[in-house]
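Number of protein chains: 2
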Amino acid sequence: MNFTIDREVLLDKLTIISHGLSTKSPMKIMEGIKIDVTDNDLFLTSSNSDISIQILVKDSSLVIEETGKTVVPGKTFIELIKAFDSRKISFFLIEDKILMIKADRKEYRINVMDPNDYPSIKFLNLLNPFSINCHELKRAIEETVFACANNTKNPMLLGVNLKNNANRLIFTATNSYRLSLKTLDVETYDPFELTIPAKSLNEFASILESYDESLPIELYFDKNKLLAKFNDILFQTRLLDGNFPDTSNVCPKEKDTKVIVRFNKDELQTALNRIAILSPVDTAKDKEITFNAVVLKIDQNYEVELSSANIQGAGKEIILPVDIKAVSPLVIGFSSKYLLDALKVLPGNEIEIMFIDGSKQFVLKSVSDNTLTEIILPFRLDN
Amino acid sequence: MNFTIDREVLLDKLTIISHGLSTKSPMKIMEGIKIDVTDNDLFLTSSNSDISIQILVKDSSLVIEETGKTVVPGKTFIELIKAFDSRKISFFLIEDKILMIKADRKEYRINVMDPNDYPSIKFLNLLNPFSINCHELKRAIEETVFACANNTKNPMLLGVNLKNNANRLIFTATNSYRLSLKTLDVETYDPFELTIPAKSLNEFASILESYDESLPIELYFDKNKLLAKFNDILFQTRLLDGNFPDTSNVCPKEKDTKVIVRFNKDELQTALNRIAILSPVDTAKDKEITFNAVVLKIDQNYEVELSSANIQGAGKEIILPVDIKAVSPLVIGFSSKYLLDALKVLPGNEIEIMFIDGSKQFVLKSVSDNTLTEIILPFRLDN
Chain S
60 MNFTIDREVL LDKLTIISHG LSTKSPMKIM EGIKIDVTDN DLFLTSSNSD ISIQILVKDS
120 SLVIEETGKT VVPGKTFIEL IKAFDSRKIS FFLIEDKILM IKADRKEYRI NVMDPNDYPS
180 IKFLNLLNPF SINCHELKRA IEETVFACAN NTKNPMLLGV NLKNNANRLI FTATNSYRLS
240 LKTLDVETYD PFELTIPAKS LNEFASILES YDESLPIELY FDKNKLLAKF NDILFQTRLL
300 DGNFPDTSNV CPKEKDTKVI VRFNKDELQT ALNRIAILSP VDTAKDKEIT FNAVVLKIDQ
360 NYEVELSSAN IQGAGKEIIL PVDIKAVSPL VIGFSSKYLL DALKVLPGNE IEIMFIDGSK
420 QFVLKSVSDN TLTEIILPFR LDN
Chain L
60 MNFTIDREVL LDKLTIISHG LSTKSPMKIM EGIKIDVTDN DLFLTSSNSD ISIQILVKDS
120 SLVIEETGKT VVPGKTFIEL IKAFDSRKIS FFLIEDKILM IKADRKEYRI NVMDPNDYPS
180 IKFLNLLNPF SINCHELKRA IEETVFACAN NTKNPMLLGV NLKNNANRLI FTATNSYRLS
240 LKTLDVETYD PFELTIPAKS LNEFASILES YDESLPIELY FDKNKLLAKF NDILFQTRLL
300 DGNFPDTSNV CPKEKDTKVI VRFNKDELQT ALNRIAILSP VDTAKDKEIT FNAVVLKIDQ
360 NYEVELSSAN IQGAGKEIIL PVDIKAVSPL VIGFSSKYLL DALKVLPGNE IEIMFIDGSK
420 QFVLKSVSDN TLTEIILPFR LDN
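Residue numbers (the numbering used here), protein chains in the order written: chain S, 60 to 442; chain L, 60 to 442.
Mixed in with the good hints there might be a few duds.
Note that identical chains are pooled: a pair holds if it fits in a single copy or bridges any two copies.
Only pairs whose alpha carbons sit at most 20 Å apart, straight line, appear in this in silico EDC-like list of lysine to aspartate or glutamate [to be verified]:
| no. | residue 1 | residue 2 |
| --- | --- | --- |
| 1 | K156 | D95 |
| 2 | K222 | E201 |
| 3 | K375 | D163 |
| 4 | K356 | D163 |
| 5 | K375 | E166 |
| 6 | K161 | E362 |
| 7 | K324 | D144 |
| 8 | K375 | E138 |
| 9 | K141 | D325 |
To be clear, the hints were calculated from the coordinates, so they are not data collected in a lab.
Produce the entire structure from the sequences given, and follow the hints as far as they go.
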């Protein structure tokens with residue numbers, strides 16, 4: 060193996076590849092990047108228990124003198140290429156044992172691993188793609204993935220559920236105390252349902268961060284895997300195996316809504332951040348739902364009050380809503396963290412919250428965008 | 060107690076006060092801020108085992124309705140004032156038990172502590188000040204404090220030594236493997252010697268960060284304490300009790316110097332950061348001195364080579380010095396971290412390194428500023 064390439068081009072690809080690297084794997088070779096140089100192409104591959112990434116590096120700066128393959132220790136290799144300040148870098152594989160990296164007056168030798176020990180990774184066949192816009196996909200991931208569970212009581216809740224029906228792709232994530240629901244209009248495709256691990260989606264979203272937003276992404280899947288293809292990148296993740304819970308009854312019916320309050324999003328966020336300072340961090344049996352518990356009260360005069368109390372003191376604030384429609388007073392307790400998480404992803408300056416009563420889940424939507432629905436379960440107030 | 064003040068003014072003072080707060084103290088009250096409202100003045104005090112801070116808050120926005128004193132939980136109080144977005148905030152002490160904080164439509168109540176339980180803090184008398192420029196003091200701290208020891212084999216090395224003689228104030232810090240020496244021209248004052256805990260100096264430097272650089276600072280001290288006064292702030296720290304080691308023989312004599320190399324600082328930093336990637340993090344018996352060990356070689360042709368090797372591989376780089384004077388070849392091993400730390404504080408674009416031989420400490424200076432001397436001990440090369 061012997062090739063030369065522009066440092067920036069290589070580093071750009073390595074940054075993507077790093078998202079697929081194993082860390083602290085019992086198999087040392089999984090912490091490595093497989094480099095595969097054929098007559099005309101350079102392939103980079105990384106893989107861990109969730110994700111496999113393969114990139115075909117095509118660039119006018121790539122000059123291949125000799126083909127070959129090897130596996131380099133991933134973290135160190137990326138760290139080195141990052142630290143180089145030369146424009147071009149050359150690589151020479153010496154007796155399949157050492158990769159020599161040369162540029163200007165620098166010469167580094169890295170001990171490499173045997174590419175035959177690297178597991179062969181089966182990427183899905185590129186047949187019958189489901190096409191989706193990069194920007195929309197990235198946004199849908201960010202708007203839902205935070206709502207996934209982070210413990211494994213129900214392993215299916217560790218992922219975001221994607222359900223396609225006719226021209227609608229629905230993203231659902233829940234930890235059973237809150238739920239995030241996003242609807243995307245997509246091209247017609249056969250119905251399917253997949254649940255993708257949150258961890259994989261976070262890595263994927265962060266790869267897409269540096270990508271052209273208007274790029275179309277092709278998705279391929281079978282029962283166990285999802286493969287995303289864009290540019291010359293293959294990103295494959297395992298899928299969660301099982302049935303995602305039916306959440307079709309979670310969203311309350313509009314006719315049951317008793318109180319609708321419209322808030323300026325920034326004002327509500329600022330007040331919640333402040334009131335949360337005096338909220339109990341972890342009180343009751345179920346700490347998930349009462350984390351940073353606060354209470355919202357709406358009285359018969361439509362005055363909206365946010366309050367909290369903990370061992371250090373108590374706070375209350377009157378919030379002036381943009382608009383309010385209430386047929387009955389309301390007292391409801393909930394995790395301010397959940398509400399803040401929801402506000403963070405809801406687009407626009409104004410949001411609307413729809414309540415049934417103090418014991419039922421409530422719904423948040425942006426006033427300017429109805430593709431995203433946030434639902435939060437309150438906790439029981441003892442009084 | 061009942062007073063009103065501009066939020067920004069108060070927050071500015073609280074940010075300084077926070078540097079003196081105890082964290083996780085067995086005495087809960089030491090995690091508090093003492094608030095003392097007299098007829099015309101507001102005093103804030105914080106204190107921990109090293110530092111005590113007292114601020115006299117004078118501001119045209121301060122309106123005192125009623126005097127009084129109390130102790131508020133420091134972290135929560137600061138967090139709350141930070142989270143407020145009102146211009147003015149009012150404070151009312153209710154039955155010595157609760158501090159009510161009011162602004163606009165917000166009302167917070169914090170449980171307070173008994174000010175009689177707060178230890179009385181003796182600040183030094185403001186007699187016979189030693190005056191020093193804020194900017195110069197801050198810089199001298201930053202240029203030396205990093206070189207202190209961080210373990211307690213010799214507790215005196217946990218501080219920076221200040222020695223005044225005639226018109227010269229000398230700052231010395233060492234962990235016995237490296238030494239940083241700074242000389243400041245000061246006004247005539249009686250000779251003195253103090254050793255100030257690095258921890259206190261770091262807090263002090265970070266308080267000075269937001270201060271007017273041209274401000275004069277008055278220092279007062281006795282055997283046990285140092286008090287700095289600037290604006291309406293008193294910052295007092297304990298001193299280290301004992302004799303700081305004599306370091307007058309550490310700096311090699313100029314006549315013994317065999318090799319002088321002048322480097323572009325940026326180039327040397329970049330090369331060191333890169334070569335350190337393949338350096339052993341912790342090899343020999345004495346891990347302090349061999350941390351990120353690298354080797355510098357100068358051969359008879361004046362070629363300067365930096366190299367490193369660890370279990371993952373090896374690197375070498377030829378560095379082009381700006382200038383070199385050598386009467387003999389040199390091979391020397393040292394911690395790249397120590398060299399990078401020294402380069403970080405040495406001012407200017409070019410630095411000069413003076414070597415005796417591979418076994419003796421070497422000296423770094425900025426070409427443009429001779430007030431700072433950095434000395435590093437090499438480790439023994441086995442070959």
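Now for the hints, and whether the structure bears them out:
1. K156 to D95: So K156 and D95 pass the 20 Å test inside one copy only (15 Å; across, 72 Å).
2. K222 to E201: within (17 Å within a copy, 58 Å between copies)
3. K375 to D163: between (65 Å within a copy, 11 Å between copies)
4. K356 to D163: between (69 Å within a copy, 18 Å between copies)
5. K375 to E166: Intra 64 Å, inter 5 Å, cutoff 20 Å: inter-copy only.
6. K161 to E362: between (70 Å within a copy, 18 Å between copies)
7. K324 to D144: between (45 Å within a copy, 15 Å between copies)
8. K375 to E138: Classified as between; 16 Å across copies, 50 Å inside a copy.
9. K141 to D325: between (39 Å within a copy, 16 Å between copies)
Consistency with the previously given hints is maintained throughout, with no hint failing.
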